[in-house]
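With these hints in hand, go ahead and build the complete structure from the sequences.
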Amino acid sequence: MKCEYCGRDESLPFVCNYCGGAFCPDHRLPEAHACKGDLSQRRMITPPPQTTFSWSDSSLAQEPPHEMGKPFSGVEIRDIAIAWVGLGTAFTIALFGGVFGLGSNADLGSAPLVFGIALVTVGSGFVLHELSHKFTAQSYGYWAEFRMWPFGLVLALATSFIGFIFAAPGATYISGTNITPAENGKISLAGPLTNVGVAIAFFPFALAFPSSSAFGELGIIGTQINIFLALFNMLPVMPLDGAKVWRWSKLRWAAVFVPLLVVFALWIGII
-12 MKCEYCGRDE SLPFVCNYCG GAFCPDHRLP EAHACKGDLS QRRMITPPPQ TTFSWSDSSL
48 AQEPPHEMGK PFSGVEIRDI AIAWVGLGTA FTIALFGGVF GLGSNADLGS APLVFGIALV
108 TVGSGFVLHE LSHKFTAQSY GYWAEFRMWP FGLVLALATS FIGFIFAAPG ATYISGTNIT
168 PAENGKISLA GPLTNVGVAI AFFPFALAFP SSSAFGELGI IGTQINIFLA LFNMLPVMPL
228 DGAKVWRWSK LRWAAVFVPL LVVFALWIGI I
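Taking our numbering, the leading residue of the sequence shown gets -12, the next gets one more, and so forth.
None of these hints come from the bench; they were simulated from the model.
There could be a bad hint or two in this list.
Unchecked claim - Using C-beta positions, here's what the derived DEER-type ranges look like:
| # | residue 1 | residue 2 | range |
| --- | --- | --- | --- |
| 1 | 188 | 13 | 43 to 49 angstroms |
| 2 | 194 | 126 | 32 to 38 angstroms |
| 3 | 199 | 223 | 36 to 42 angstroms |
All C-beta atoms, glycine included, are put in the ideal place defined by N, C-alpha and C.
Here it is in structure tokens:
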């Protein structure tokens, strides 16, 4: 989202309580952005931008600037690429067992192959999850763009060295006027359902190839990771997608979450 005064890109802009515009920190005050609102009147409370990764379910009182005709901004493409490579790197380290595995007799010659598998399985699952939020939101006419979270990427890399990953590399930010709970629920549900589709696409590789082969490993990791991503994101806890689906329709939430829980438990039992 760009500052309406200077055009600087801001992931979390300030919203003016007088005119409703979105601005960067340097131009958040009325006098700093030549505010055209009525400063003599009592200020209206303008809620912050809504995001699929936010504690808030409110929306902007005014649409942010759009780059019409461009499906992706340059900043968004950069952020997706960095998050994708960062996640691939973190999962590669974790798949080798973290710092303990790398310090043992691990076959580091296979690192490029493992990195490729991580990019295809984990990276695609994450990126497609976020893009499904973006495109679903845009289908309702809302502004939507992905923004990476540098601290989340650093955390993913740091935790990967102990063989376990806590990954929150970024989120799709969505803004619009009067986003309804149903629309927000559908936008949120699109992410986990996309992971289900990606898991289904990888599953034939797990069936057709030995688990020791590259394609077999691709199928197993791709299926397991995407089922887990779908299940985790459907937990009814803010700021996860499941909380917004739960708010929209508890029946629809259960229709997705319960089968995912059963499939994940069965999968863990099989492998």
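Task: Unmet hints by their number, sorted upward, for this structure - done: none
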